[in-house]
Amino acid sequence: AATVVTDDAPVVMPMNPYSGAGVGTHYIDVWVGSPAQKRSLAVMTGSDFTAFPCGDCNECGHSFNQFNAAESTTFATIPCGQCASTALPSHSLTGETCDVVRPGSGQQRKCLTSLHSSYVGGVPSYWSGTESREVFYLGGAYLGEGITEASLEGTDAPSRHGFPVTFACQSSAAGWFSDPGVVRDGVAGFSSAPTSLVQQMHRGGKLPHPRFSLCFNRQLRAKHGNIAADIDDDISKNAGVVTLGGFDPAYLTTPIGWANDINHSKLSHQQLTNQGDHRADTSYRVRVTGIYLREGGGQSIMTAPNQPPQGLRKVRFDWRQLGGRGSAAVDSAYPYTVLDRGLEGPFLDAWRKATGGGIFSYEPQELTAAELRMMPTIILQFEGSSDNSSVDPNAVPNLAGDLDAER
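Counting in the numbering used here, the sequence shown runs from 668 upward without gaps.
No lab work stands behind these hints: they were computed from the structure. Since the structure is predicted, the reported quantities are computational estimates derived from the model, not experimental observations. It is possible that part of the hints are untrue.
[Said to hold, decoys possible] Only pairs whose alpha carbons sit at most 16 Å apart, straight line, appear in this in silico EDC-like list of lysine to aspartate or glutamate:
id, residue 1, residue 2
1, Lys981, Glu962
2, Lys777, Asp766
3, Lys981, Asp1069
4, Lys777, Asp696
5, Lys981, Glu1011
6, Lys705, Glu738
7, Lys981, Asp1016
8, Lys981, Asp1071
9, Lys981, Asp915
10, Lys705, Asp823
11, Lys1020, Glu962
12, Lys705, Glu820
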(Lines of atoms letter the chains of each structure in order from A and count residues from 1; the text may use other names and numbers.)
(Lines give C-alpha, C1' and ligand atoms only; values in the text may rest on other atoms or scores of the structure.)
Protein backbone atom coordinates (compact mmCIF):
# COMPACT_ATOMS: atom_id res chain seq x y z
CA ALA A 1 0.00 0.00 0.00
CA ALA A 2 2.98 2.31 -0.30
CA THR A 3 5.93 3.09 -2.52
CA VAL A 4 9.35 2.28 -1.13
CA VAL A 5 11.40 5.19 0.17
CA THR A 6 14.98 4.95 -1.11
CA ASP A 7 15.88 8.63 -1.63
CA ASP A 8 13.39 11.48 -1.92
CA ALA A 9 10.41 9.37 -2.96
CA PRO A 10 7.29 9.87 -0.82
CA VAL A 11 5.32 7.06 0.79
CA VAL A 12 1.80 6.92 -0.64
CA MET A 13 -0.85 5.07 1.37
CA PRO A 14 -4.59 4.60 0.78
CA MET A 15 -6.93 6.10 3.37
CA ASN A 16 -10.04 4.20 4.33
CA PRO A 17 -13.33 5.74 5.53
CA TYR A 18 -15.57 3.88 7.94
CA SER A 19 -18.77 4.05 5.93
CA GLY A 20 -20.88 2.41 8.63
CA ALA A 21 -20.40 5.28 11.07
CA GLY A 22 -20.78 7.95 8.42
CA VAL A 23 -18.58 10.36 10.35
CA GLY A 24 -16.10 11.24 7.59
CA THR A 25 -13.08 9.94 9.49
CA HIS A 26 -10.12 8.54 7.55
CA TYR A 27 -7.71 5.79 8.51
CA ILE A 28 -4.33 4.34 7.70
CA ASP A 29 -3.20 0.78 8.37
CA VAL A 30 0.04 0.22 10.29
CA TRP A 31 1.77 -2.90 11.60
CA VAL A 32 3.11 -2.73 15.14
CA GLY A 33 5.37 -4.91 17.28
CA SER A 34 7.23 -8.19 17.00
CA PRO A 35 5.50 -10.21 15.68
CA ALA A 36 3.46 -7.67 13.70
CA GLN A 37 -0.08 -6.76 14.74
CA LYS A 38 -2.19 -4.71 12.36
CA ARG A 39 -3.72 -1.44 13.62
CA SER A 40 -6.23 0.70 11.71
CA LEU A 41 -5.75 4.23 13.07
CA ALA A 42 -7.79 7.40 12.60
CA VAL A 43 -5.66 10.16 11.04
CA MET A 44 -5.75 13.09 13.47
CA THR A 45 -3.80 16.24 12.66
CA GLY A 46 -4.73 17.67 16.07
CA SER A 47 -3.06 14.89 18.06
CA ASP A 48 0.56 14.99 19.25
CA PHE A 49 0.62 11.28 20.04
CA THR A 50 -0.35 8.10 18.27
CA ALA A 51 -2.48 6.24 20.81
CA PHE A 52 -4.36 2.96 21.19
CA PRO A 53 -5.24 0.42 23.91
CA CYS A 54 -2.55 -2.16 24.69
CA GLY A 55 -4.47 -5.17 25.98
CA ASP A 56 -5.17 -4.06 29.53
CA CYS A 57 -7.47 -1.05 29.07
CA ASN A 58 -10.80 -1.68 30.79
CA GLU A 59 -12.01 1.90 30.33
CA CYS A 60 -11.51 2.30 26.59
CA GLY A 61 -14.95 1.35 25.35
CA HIS A 62 -16.34 -1.97 24.23
CA SER A 63 -15.34 -4.14 21.28
CA PHE A 64 -11.89 -2.63 20.83
CA ASN A 65 -9.39 -4.90 19.14
CA GLN A 66 -6.59 -4.08 21.56
CA PHE A 67 -2.89 -4.35 20.78
CA ASN A 68 -1.41 -7.25 22.76
CA ALA A 69 1.74 -5.69 24.20
CA ALA A 70 2.53 -8.83 26.21
CA GLU A 71 3.10 -10.79 22.99
CA SER A 72 5.58 -8.31 21.49
CA THR A 73 9.29 -8.74 22.16
CA THR A 74 10.05 -5.13 21.20
CA PHE A 75 7.48 -3.37 23.41
CA ALA A 76 8.78 -1.13 26.22
CA THR A 77 7.27 1.33 28.68
CA ILE A 78 9.07 4.66 28.98
CA PRO A 79 10.22 5.32 32.55
CA CYS A 80 9.77 8.56 34.45
CA GLY A 81 12.72 10.85 33.73
CA GLN A 82 12.62 10.13 30.00
CA CYS A 83 9.10 11.39 29.19
CA ALA A 84 8.76 12.58 25.60
CA SER A 85 5.76 14.77 26.45
CA THR A 86 7.97 17.25 28.31
CA ALA A 87 9.06 18.62 24.92
CA LEU A 88 5.49 19.58 24.00
CA PRO A 89 4.08 23.12 24.44
CA SER A 90 1.06 21.65 26.23
CA HIS A 91 3.39 20.43 29.00
CA SER A 92 5.55 23.56 29.22
CA LEU A 93 3.97 24.62 32.51
CA THR A 94 3.26 21.24 34.09
CA GLY A 95 6.55 19.54 33.24
CA GLU A 96 6.95 15.78 33.54
CA THR A 97 3.90 13.82 34.69
CA CYS A 98 4.40 10.34 36.13
CA ASP A 99 2.24 7.79 37.89
CA VAL A 100 2.39 7.15 41.64
CA VAL A 101 3.79 3.87 42.98
CA ARG A 102 3.97 2.57 46.52
CA PRO A 103 7.36 3.27 48.14
CA GLY A 104 9.44 0.10 48.39
CA SER A 105 7.33 -1.77 45.85
CA GLY A 106 10.18 -1.92 43.36
CA GLN A 107 7.85 -0.75 40.59
CA GLN A 108 9.17 1.71 38.05
CA ARG A 109 7.26 4.97 37.64
CA LYS A 110 5.86 5.48 34.13
CA CYS A 111 5.29 8.60 32.04
CA LEU A 112 1.67 9.70 31.71
CA THR A 113 0.14 11.66 28.87
CA SER A 114 -3.39 12.56 27.74
CA LEU A 115 -5.49 14.39 25.19
CA HIS A 116 -8.63 16.31 26.11
CA SER A 117 -10.89 17.67 23.40
CA SER A 118 -14.28 19.32 23.79
CA TYR A 119 -15.00 19.51 20.07
CA VAL A 120 -14.15 16.20 18.37
CA GLY A 121 -17.42 14.66 17.24
CA GLY A 122 -19.35 17.39 19.07
CA VAL A 123 -19.02 15.71 22.48
CA PRO A 124 -16.43 15.98 25.26
CA SER A 125 -13.74 13.44 24.43
CA TYR A 126 -10.47 12.43 26.02
CA TRP A 127 -7.97 9.67 26.46
CA SER A 128 -5.16 9.10 28.94
CA GLY A 129 -2.33 6.59 28.90
CA THR A 130 1.30 5.75 29.48
CA GLU A 131 4.15 6.59 27.13
CA SER A 132 5.49 3.47 25.44
CA ARG A 133 7.88 2.52 22.67
CA GLU A 134 7.41 0.06 19.84
CA VAL A 135 8.43 -0.57 16.23
CA PHE A 136 6.02 0.48 13.47
CA TYR A 137 5.86 -0.45 9.79
CA LEU A 138 3.76 1.53 7.30
CA GLY A 139 4.61 -0.28 4.05
CA GLY A 140 6.85 0.19 1.07
CA ALA A 141 9.70 -2.26 1.61
CA TYR A 142 10.29 -5.47 -0.33
CA LEU A 143 9.34 -8.17 2.17
CA GLY A 144 10.30 -11.29 0.28
CA GLU A 145 8.80 -13.60 -2.28
CA GLY A 146 5.07 -14.15 -1.79
CA ILE A 147 4.75 -11.77 1.18
CA THR A 148 2.18 -9.01 0.74
CA GLU A 149 0.65 -6.50 3.11
CA ALA A 150 -2.37 -8.80 3.35
CA SER A 151 -0.13 -11.41 4.98
CA LEU A 152 2.00 -9.18 7.23
CA GLU A 153 0.27 -10.15 10.45
CA GLY A 154 2.65 -12.20 12.58
CA THR A 155 5.79 -11.36 10.58
CA ASP A 156 8.90 -9.47 11.66
CA ALA A 157 8.36 -6.64 9.13
CA PRO A 158 8.20 -3.85 11.78
CA SER A 159 11.50 -4.84 13.41
CA ARG A 160 13.27 -5.45 10.07
CA HIS A 161 11.89 -2.60 7.96
CA GLY A 162 10.13 -0.25 10.37
CA PHE A 163 11.17 2.48 12.77
CA PRO A 164 10.88 3.09 16.56
CA VAL A 165 7.87 5.10 17.73
CA THR A 166 7.03 6.68 21.06
CA PHE A 167 3.27 6.37 21.44
CA ALA A 168 0.62 6.17 24.17
CA CYS A 169 -0.86 2.96 25.52
CA GLN A 170 -4.33 4.14 26.48
CA SER A 171 -5.55 3.36 29.99
CA SER A 172 -8.88 5.17 29.59
CA ALA A 173 -10.91 6.83 26.85
CA ALA A 174 -14.26 8.59 26.56
CA GLY A 175 -16.47 10.17 23.92
CA TRP A 176 -15.11 10.03 20.37
CA PHE A 177 -12.00 8.14 21.48
CA SER A 178 -13.99 5.32 23.09
CA ASP A 179 -16.06 4.41 20.04
CA PRO A 180 -14.37 1.73 17.91
CA GLY A 181 -16.94 2.43 15.22
CA VAL A 182 -15.33 5.86 14.84
CA VAL A 183 -11.64 5.51 15.76
CA ARG A 184 -11.30 1.82 14.87
CA ASP A 185 -8.18 0.69 16.79
CA GLY A 186 -6.91 4.12 17.88
CA VAL A 187 -5.54 7.42 16.53
CA ALA A 188 -2.47 8.33 14.48
CA GLY A 189 -0.97 11.63 15.65
CA PHE A 190 -0.18 13.89 12.69
CA SER A 191 0.45 17.23 14.44
CA SER A 192 3.74 19.14 14.13
CA ALA A 193 4.94 17.88 17.53
CA PRO A 194 8.20 15.90 17.79
CA THR A 195 6.08 12.98 19.06
CA SER A 196 3.88 12.86 15.94
CA LEU A 197 4.08 9.82 13.69
CA VAL A 198 5.43 11.82 10.75
CA GLN A 199 8.19 13.52 12.76
CA GLN A 200 9.31 10.19 14.25
CA MET A 201 9.26 8.51 10.84
CA HIS A 202 11.57 11.26 9.59
CA ARG A 203 13.95 10.86 12.54
CA GLY A 204 13.90 7.11 11.94
CA GLY A 205 15.36 7.66 8.48
CA LYS A 206 12.22 6.60 6.58
CA LEU A 207 11.23 10.02 5.23
CA PRO A 208 13.44 12.63 3.55
CA HIS A 209 11.34 15.44 5.07
CA PRO A 210 8.90 15.60 8.03
CA ARG A 211 6.00 16.48 5.74
CA PHE A 212 2.74 14.92 4.66
CA SER A 213 -0.31 15.66 2.56
CA LEU A 214 -3.89 14.40 2.65
CA CYS A 215 -5.80 14.00 -0.59
CA PHE A 216 -9.51 13.30 -0.09
CA ASN A 217 -11.28 11.77 -3.04
CA ARG A 218 -13.93 9.15 -3.68
CA GLN A 219 -12.44 8.26 -7.04
CA LEU A 220 -8.76 7.69 -7.73
CA ARG A 221 -7.08 6.66 -10.93
CA ALA A 222 -3.99 4.49 -10.84
CA LYS A 223 -0.91 6.70 -10.54
CA HIS A 224 1.04 4.02 -8.65
CA GLY A 225 0.98 0.28 -8.81
CA ASN A 226 -0.42 0.12 -5.28
CA ILE A 227 -3.62 2.07 -6.04
CA ALA A 228 -6.31 0.27 -8.04
CA ALA A 229 -7.69 2.09 -11.08
CA ASP A 230 -11.03 3.92 -11.05
CA ILE A 231 -11.88 3.29 -7.41
CA ASP A 232 -15.44 4.56 -7.25
CA ASP A 233 -17.57 1.50 -6.62
CA ASP A 234 -16.77 0.96 -2.96
CA ILE A 235 -16.01 4.07 -0.91
CA SER A 236 -15.49 1.94 2.18
CA LYS A 237 -12.17 0.80 0.67
CA ASN A 238 -10.62 4.03 -0.53
CA ALA A 239 -11.37 7.68 0.15
CA GLY A 240 -8.08 9.22 -0.85
CA VAL A 241 -4.40 8.92 -0.05
CA VAL A 242 -2.00 10.14 2.60
CA THR A 243 1.43 10.94 1.20
CA LEU A 244 4.25 10.87 3.75
CA GLY A 245 7.36 12.92 3.05
CA GLY A 246 5.71 15.61 0.91
CA PHE A 247 3.07 15.54 -1.81
CA ASP A 248 2.69 13.56 -5.01
CA PRO A 249 2.19 15.74 -8.13
CA ALA A 250 0.45 12.79 -9.82
CA TYR A 251 -2.71 13.54 -7.82
CA LEU A 252 -2.85 17.27 -8.64
CA THR A 253 -5.33 18.62 -11.17
CA THR A 254 -4.35 22.28 -10.63
CA PRO A 255 -1.24 24.08 -9.30
CA ILE A 256 -1.00 24.18 -5.51
CA GLY A 257 -2.11 27.28 -3.66
CA TRP A 258 -0.33 27.54 -0.31
CA ALA A 259 -2.11 28.79 2.83
CA ASN A 260 -0.15 30.37 5.65
CA ASP A 261 0.12 28.18 8.77
CA ILE A 262 -0.26 30.95 11.33
CA ASN A 263 0.73 28.70 14.23
CA HIS A 264 4.22 28.52 12.75
CA SER A 265 4.46 32.05 11.40
CA LYS A 266 6.34 34.28 13.86
CA LEU A 267 4.53 37.46 12.90
CA SER A 268 1.06 35.96 13.00
CA HIS A 269 1.92 34.02 16.13
CA GLN A 270 2.90 37.25 17.87
CA GLN A 271 -0.34 38.86 16.69
CA LEU A 272 -2.30 36.04 18.30
CA THR A 273 -0.37 36.48 21.53
CA ASN A 274 -1.07 40.22 21.57
CA GLN A 275 -4.78 39.51 21.13
CA GLY A 276 -4.79 37.30 24.23
CA ASP A 277 -5.43 34.25 22.06
CA HIS A 278 -2.10 32.52 22.49
CA ARG A 279 -2.10 29.18 20.69
CA ALA A 280 1.57 28.26 20.80
CA ASP A 281 0.64 24.67 20.15
CA THR A 282 1.44 22.02 17.59
CA SER A 283 -1.78 22.11 15.57
CA TYR A 284 -2.19 23.59 12.11
CA ARG A 285 -4.14 26.84 11.88
CA VAL A 286 -5.15 29.00 8.94
CA ARG A 287 -6.68 32.47 8.84
CA VAL A 288 -10.10 32.75 7.18
CA THR A 289 -10.06 36.06 5.32
CA GLY A 290 -13.07 35.58 3.03
CA ILE A 291 -16.16 33.42 2.41
CA TYR A 292 -18.17 33.25 -0.81
CA LEU A 293 -21.39 31.52 -1.79
CA ARG A 294 -21.53 30.40 -5.40
CA GLU A 295 -25.10 30.40 -6.65
CA GLY A 296 -26.26 27.34 -8.55
CA GLY A 297 -24.14 24.80 -6.74
CA GLY A 298 -21.25 22.68 -7.96
CA GLN A 299 -18.94 20.16 -6.30
CA SER A 300 -15.63 21.92 -6.89
CA ILE A 301 -14.07 25.34 -6.45
CA MET A 302 -13.97 25.38 -10.25
CA THR A 303 -17.06 25.79 -12.42
CA ALA A 304 -17.97 22.63 -14.29
CA PRO A 305 -16.98 22.52 -18.00
CA ASN A 306 -19.50 24.02 -20.42
CA GLN A 307 -21.45 25.55 -17.52
CA PRO A 308 -22.52 29.21 -17.77
CA PRO A 309 -20.92 31.67 -15.34
CA GLN A 310 -22.28 31.46 -11.80
CA GLY A 311 -22.72 34.36 -9.42
CA LEU A 312 -20.54 34.69 -6.34
CA ARG A 313 -22.01 36.31 -3.25
CA LYS A 314 -19.52 37.50 -0.66
CA VAL A 315 -20.15 37.05 3.06
CA ARG A 316 -19.48 40.51 4.49
CA PHE A 317 -17.20 40.43 7.53
CA ASP A 318 -13.89 41.74 8.83
CA TRP A 319 -11.65 38.86 9.85
CA ARG A 320 -9.76 41.19 12.23
CA GLN A 321 -12.87 41.36 14.42
CA LEU A 322 -13.23 37.60 14.80
CA GLY A 323 -11.99 35.50 17.71
CA GLY A 324 -8.32 34.63 17.24
CA ARG A 325 -8.23 37.20 14.43
CA GLY A 326 -9.90 34.77 12.06
CA SER A 327 -7.75 31.76 12.91
CA ALA A 328 -9.25 28.29 12.44
CA ALA A 329 -7.84 24.84 13.21
CA VAL A 330 -7.34 22.39 10.37
CA ASP A 331 -8.20 19.04 11.95
CA SER A 332 -8.58 15.91 9.85
CA ALA A 333 -10.60 14.20 12.59
CA TYR A 334 -13.37 16.78 12.60
CA PRO A 335 -16.14 15.68 10.20
CA TYR A 336 -17.55 19.13 9.39
CA THR A 337 -16.65 22.81 9.24
CA VAL A 338 -17.41 25.09 12.19
CA LEU A 339 -17.36 28.86 11.63
CA ASP A 340 -16.76 31.58 14.20
CA ARG A 341 -20.02 32.68 15.87
CA GLY A 342 -19.36 36.23 14.69
CA LEU A 343 -19.95 35.03 11.11
CA GLU A 344 -23.46 33.72 11.72
CA GLY A 345 -25.36 36.92 10.90
CA PRO A 346 -23.42 37.82 7.73
CA PHE A 347 -23.49 34.19 6.54
CA LEU A 348 -27.25 33.80 7.00
CA ASP A 349 -27.85 37.08 5.19
CA ALA A 350 -25.68 36.01 2.23
CA TRP A 351 -27.35 32.58 2.17
CA ARG A 352 -30.80 34.13 2.00
CA LYS A 353 -29.77 36.32 -0.95
CA ALA A 354 -27.95 33.49 -2.75
CA THR A 355 -30.98 31.20 -2.52
CA GLY A 356 -33.62 33.79 -3.38
CA GLY A 357 -35.02 34.02 0.13
CA GLY A 358 -34.17 30.53 1.38
CA ILE A 359 -33.63 29.98 5.11
CA PHE A 360 -30.43 28.26 6.21
CA SER A 361 -31.27 25.43 8.63
CA TYR A 362 -29.13 23.56 11.12
CA GLU A 363 -31.63 20.70 11.11
CA PRO A 364 -31.55 17.65 8.80
CA GLN A 365 -33.40 18.18 5.53
CA GLU A 366 -34.81 15.90 2.84
CA LEU A 367 -33.61 16.97 -0.59
CA THR A 368 -33.72 15.42 -4.02
CA ALA A 369 -30.41 14.92 -5.82
CA ALA A 370 -31.24 17.85 -8.09
CA GLU A 371 -32.04 20.12 -5.13
CA LEU A 372 -28.80 19.12 -3.42
CA ARG A 373 -26.75 19.95 -6.51
CA MET A 374 -28.33 23.41 -6.64
CA MET A 375 -27.45 24.32 -3.06
CA PRO A 376 -24.88 27.17 -2.94
CA THR A 377 -21.27 26.07 -2.89
CA ILE A 378 -19.41 27.49 0.12
CA ILE A 379 -15.93 28.71 -0.82
CA LEU A 380 -13.46 29.59 1.94
CA GLN A 381 -10.56 31.98 1.40
CA PHE A 382 -7.44 31.61 3.55
CA GLU A 383 -4.51 33.91 4.10
CA GLY A 384 -1.97 32.95 1.45
CA SER A 385 1.66 32.10 1.88
CA SER A 386 4.49 34.01 0.21
CA ASP A 387 5.11 30.82 -1.78
CA ASN A 388 2.19 31.91 -4.01
CA SER A 389 3.94 35.13 -5.10
CA SER A 390 5.62 33.58 -8.15
CA VAL A 391 2.36 32.69 -9.92
CA ASP A 392 -0.42 34.69 -11.55
CA PRO A 393 -3.27 34.54 -8.99
CA ASN A 394 -5.87 34.91 -11.72
CA ALA A 395 -4.48 31.91 -13.62
CA VAL A 396 -4.68 29.44 -10.72
CA PRO A 397 -8.25 28.25 -9.98
CA ASN A 398 -7.79 28.03 -6.20
CA LEU A 399 -6.29 31.51 -5.72
CA ALA A 400 -8.58 34.48 -5.10
CA GLY A 401 -6.96 36.83 -7.62
CA ASP A 402 -9.18 39.80 -8.49
CA LEU A 403 -11.93 38.52 -6.18
CA ASP A 404 -9.95 40.10 -3.36
CA ALA A 405 -7.65 42.73 -4.81
CA GLU A 406 -6.68 43.91 -1.30
CA ARG A 407 -5.09 40.58 -0.40
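How the hints compare with the structure:
no.	hint	verdict
1	Lys981 / Glu962	holds (11 Å)
2	Lys777 / Asp766	holds (6 Å)
3	Lys981 / Asp1069	holds (13 Å)
4	Lys777 / Asp696	violated (28 Å)
5	Lys981 / Glu1011	holds (14 Å)
6	Lys705 / Glu738	holds (13 Å)
7	Lys981 / Asp1016	holds (10 Å)
8	Lys981 / Asp1071	holds (10 Å)
9	Lys981 / Asp915	violated (33 Å)
10	Lys705 / Asp823	holds (12 Å)
11	Lys1020 / Glu962	holds (9 Å)
12	Lys705 / Glu820	holds (6 Å)
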